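Novice: Protein chains in written order, with numbering that gives the first Met the number 0: chain U, 0 to 338; chain C, 0 to 322.
Be aware that a few hints might be false.
Incomplete in silico selection of chain C near chain U, CB under 7 Å [claimed, not checked]:
id, residue
1, Val189
2, Gln197
3, Leu222
4, Ala265
5, Arg266
I should point out that these hints are in silico values taken from the structure, not numbers from a laboratory. These numbers come from a predicted model, not from an experiment. Beta carbons: idealized from backbone N, C-alpha and C, even for Gly.
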Amino acid sequence: MSPETIIHTDPRAAANVPPPLLGVDGLSLEFRTRSGVVRALEDVSLSLQKGELLGVVGESGSGKSVFAYAMLGISDAAAKITRGTAVFDGMDLLGATERELREIRGREVSMIFQSPRTSLNPIRKVGHQIEDVLRRHAAVRGQDLRERAIDCLKRVRIPDPARRYEAYPFELSGGMCQRILIALALACQPSLLIADEPTTGLDVTTQAAIMDLIVELAHERQMATLLITHDLAMAAQYCDRIAVMHAGHVVEVGSAQVVLHQPQHPYTARLIASTPHTADSIAAMQPIPGSLPDLRAARLPPCRYSARCEYRTERCDTEALPAVPIDATHSVRCWRAAA
Amino acid sequence: MNAPDRNIPLLRVQRLQKHFKVGRNAMLHAVDDISFDIAPGESVGLVGESGCGKSTLSRVIARLADPTGGALQFEDVDLAAHPAAKFARDARRGVIQMVFQDANDSLNPRYTAFDTIAESLRLLVGMKDAAQIKARVEELATWVGLPVDLLSRYPHQLSGGQKARVGIARALAPSPRLLILDEPTAALDVSVQATVLQLLAELRDRLGVAYLFVSHDLNVVRLLCDRVVVMYLGKVVEEGPAAEVFRAPRHPYTQALVAAIPDPDARGRKSARAEGEPRSPINPDPRACRFHGRCPRGEPKCELTLLDLKEVAPAHRVACHFA
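Isolated chain U (complex conformation) (with noise of 0.2 Å):
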């Protein structure tokens, strides 16, 4: 598929909207492993505009990280894309060799990975590790360098950047840390920033301190930032869209006033009344009944979420649906909200 067709299955298109930064279609992946082929991803599309933040939402398992990893083509070596395309800025990510993602990796596009201390190098000091990739990508030299990563690291205001520049990983707080990863992440002031749960395992102080900096420098810059959570009630507050994936499957896409305040998708739905955050009493909080289905299983039903769903009937087992647009922004994939 070339990029032209890309865009016409944008419901977007119509609105005259500009082809998208990131625009992934029909996406599927699977895992080859021993115990049989593991269905990770299937049919996802989605697309990220200049300057936007895009929520990725979904319990463990649910194939946002591997998602991510697609799209920078670090995936594991038993992953094997089945379908779809994936589009950078005119660039076939896919069809890409090795040699020409690396170009773009830590420059064009960047990640941030859960669990900054293991993220980092354990045995550079932090200024170093931020040279290593302006001497790659930016193409800086002697004494520039320095000065360069303490700019880095002054962005992302660490305090007193001169001396932490000195230190190594260890010495810093766990806070601390992810922000010298969002800094060797900004160094190149790439376009695409994929965040995968930045936060995790952070104080809710430092939490919001860096989600106000990464939405703050994404503004500054018209970064777009695709910000994989499974706390849904962060992608609201800060995303501008929000995509919930279940088992595999992009079950809706929208706004995200639009997606936390009416949810279409029985799974959406669910995970909003799961959380405690929208709850006025723990018997007000409605748990997700079952577990996700065995993404190994040979014949799993086309909607993935039906063994699961409330609402399911016998056409979720057997019909194949595609994403229904419910407006133009708006997409989801249920029986229930199609008709």
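Keeping the supplied structure of chain U fixed, place chain C upon it in accordance with the hints.
Specialist: Only chain C this time, still in chain U's reference frame:
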């Protein structure tokens, strides 16, 4: 609900102190002069950021560590006087039990769910009769919603939610009066978290057991707890009815904490954040408020006089010049 007399505290924490020697003339004040009560059947939330001493405090209360000062009055005995090493075999070991943060790390991988729960009955209750043990383990499993046929499984054969249930059943086995829950839902997915919280609320109502609920998920504390204790760098900065503290926090730190709870309605709004890093807990200035330096309201006097908690409303105490 079993209506225990809430006027006589079950546990009275009095000027409790836990200092660690970290070098010559260097003392880390993990828990510094903390006092609060837990009434029978009451749920108290303990919140604060990592490093504030909440885990150390809960370990001292559970008698897994010895305090360096203060008293722990449990009903009519001072538990602080019993060294932790001996307390492990004390007859009262069973009255305070703990549910640990990560069920993966806290369950013996070579014990089945049955063994884990039965061990607690043998060691802490002194139960010997196999049939009696079996009946009690099955009763406990039913209470926590763990299907009896899963009792023969090992931890790696159980899901995260099921492991959490085993951890809760194990802690409940010796019929504790106080259950310390250290982030019991932090490792669980949202879908499972709701069921475990509902289970905890139901067990509390059925058994009348008091909870000390350590968490940094403030929404969970708001829903599950009657009262909340807010810690900052070894000190309690605010304590009061949970609903009131979350609706109208009085201490600037609590305000920053509450403002940091993810809230879709706060979209685009700039909230007051606690800027910067906490002070060092090593040899803290005994006169200065620990929050000074990060506090948006800090004034010179905050560095000169450290206030004790004072009552600002019934059962609501705050340690701040501006409360």
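Novice: Are the hints correct? Go through all of them and say.
Specialist: How the hints compare with the structure:
1. Val189: holds (5 Å)
2. Gln197: holds (6 Å)
3. Leu222: holds (5 Å)
4. Ala265: C:Ala265 check passes; min Cβ-Cβ to chain U is 6 Å, inside 7 Å.
5. Arg266: C:Arg266 check passes; min Cβ-Cβ to chain U is 6 Å, inside 7 Å.
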